[in-house]
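Asker: Now for the letters of each chain:
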Amino acid sequence: MSAIRHLRHARKPAAAGKGLKTSAMIASIAAEGQKTRSAPFGHALVELAKTRPEIVGLTADLSKYTDLHIFAHAHPDRFYQMGMAEQVLMGASAGLALEGFMPFATTYAVFAARRAYDFICLAIAEENLNVKICCALPGLTTGYGPSHQATDDLAIFRAMPNLVVIDPCDANEIEQAVPAIAAHDGPVYMRLLRGNVPIVLDGYDYKFEIGKAKLLRDGADVLFVSTGLMTMRVLEAAEALAADRVSAAVLHVSTIKPLDVETIRRECARAGRLVVVAENHTICGGLGEAVAADLTRSGVRTAFRQIALPDQFLDAGALPTLHDRYGISTSAIVASVKGWL
Amino acid sequence: MPCSVLSVSELEARAKAVRRLVLKTTHHARMGHTGGSLSEADILTALFFRVMKNRDTEAERVDRDRFILSKGHSTPGYYSTLALRGYFPLETLDTFDALGSILQGHPDMHKTPGVDMSSGSLGQGLSVGIGIQLAAARTPAMGDCHTFVLMGDGEIQEGQVWEAALYAGARKVRGLVGIVDYNGVQLASNTIEAVNLEPIADKWRAFGFTVLDTDGHDMGSLVETLEKARELSAGGPVVVIARTVKGKGVSFMEGKHEWHGKAPNDKEFALAMEEIGA
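First to last, the sequence lines map onto chains A and B. So in my numbering, spot 261 of the first sequence is number 261, and the numbers just go up one at a time. So in my numbering, spot 175 of the second sequence is number 1175, and the numbers just go up one at a time.
Which chain B residues face chain A? A few, computed with CB under 7 Å, are given here:
no.: 1; residue: SER1118
no.: 2; residue: SER1121
no.: 3; residue: VAL1128
no.: 4; residue: LEU1134
no.: 5; residue: ALA1135
no.: 6; residue: GLU1163
no.: 7; residue: TYR1167
Hints were generated in silico from the structure; no laboratory data involved. Virtual Cβ for every residue (Gly too), placed ideally from N, Cα, C.
Full structure from sequences and hints, please.
Answerer: The structure is reproduced here in structure tokens:
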């Protein structure tokens, strides 16, 4: 693992034409030619920290790969390199929060969800401490295989009381989410997209609010309920389906917990639409099952399908290939939906 | 109540009172970690009645010394000490682990006055202590705050303790004092039969800690060592190896792993109280 973490590759944006050849570790999720913004999390945190002196940044040797290095550079006296030690990262964050600081603790999603779970649960969430856990490589956003693919983090963190769970879609949303999660008094887990992050929501007059799902596009035949980068994909899929006269709506649900069940029920109850929940996560225990369970409990009946990663340890490889193989690329989504209609 | 003036003999009397309360509490609740609570009684008495500073029971001072019971299962000893110190009435001990009680099975900072941090999942306390002292270093109002973290000897088999020790030693975290309640007995056996901890002092030293050693039941030595640890931690983390006896004070409990998580029945309780003395 240490060798992987110390790779010194420069990020190669897809726009440079590298496509499938992009390094598996740092592969871009941006499509060729797509607008991106660099390190939105790091820059937003630096901006916020100007007026919030209680903010400190901690990382388990992953500042560079979580964009926290931007903060470390701007505020070296407020930055802690905790070493390759996710448990002390979370424990020390708890101690700082006990005394009134607001730690932003970063690592990869796999390490937070799997290795540091007990520490987040019992040293942070149980005490309801004001720690913001921001983690890169959510779901299938690295080609390095199961050790670094956080395909189960939403399921794991959804089950933790007190924790707010957020899966932002793009650079725009990350920039809005940083001050919003800081304004929330309590622990937050946020999936991070880092590096050159796509810009998707700029044209939608989008306003991020914790716990609010937002309808980005309306449609009569299909309702996509999506989170994280899958919202980018289903917006593209909706365009493609429109060419075939299939009208698709997109409800973006970036807060996984607390879930905006009112909006989800209302949209899912509209007659005549196939509901397709799309997430960059295993089919087990994420947004899809959360929505399905709530619709069942509340008596909303609808046709229902899921776009999600299979219940498997996934292969290593180039991301576009993997996204096709596991059904979360735009073309794979379009094909699935056509098959279901 | 200012406690810095208490003499060693006065502290010994309080430690005896803590032991009596431990037995009453676990006997009444018919559950609880009796062995480890008797083992830690002198350490807790020395800390709460003498060594720790600015621990007002009425108002939580921001510059108080912090305490974390990282060995969070030994709550009867902890709660008995807090009650005797005046954080809540002694009668509250009768509600230990009852539904709705402020005295949960394991410490809860939101429910129990005097508890600085919740615990119970072993191995986490030293990391949280690091965070508190990092905060103290950047908070003038916290003044001369020190954090004392009491660990069990079985607990330090948890790898996380050494992750925290590595950081604290490498960064010379100031004001951090670890204490190992080294009674040599854990849940199912002696520690030497489970996973041997020796050479324990060398291990902490190698991780960058100043190591002090004391008889964990000799109040004079304990107070002197803990006060020295507090002072020395200005230069970096200190650990106190407190040589203790599990079940200390009750002959049929001493050194017996069977008394790790068990409460005395009526007959055992009467015998134990007689041995501890009035």
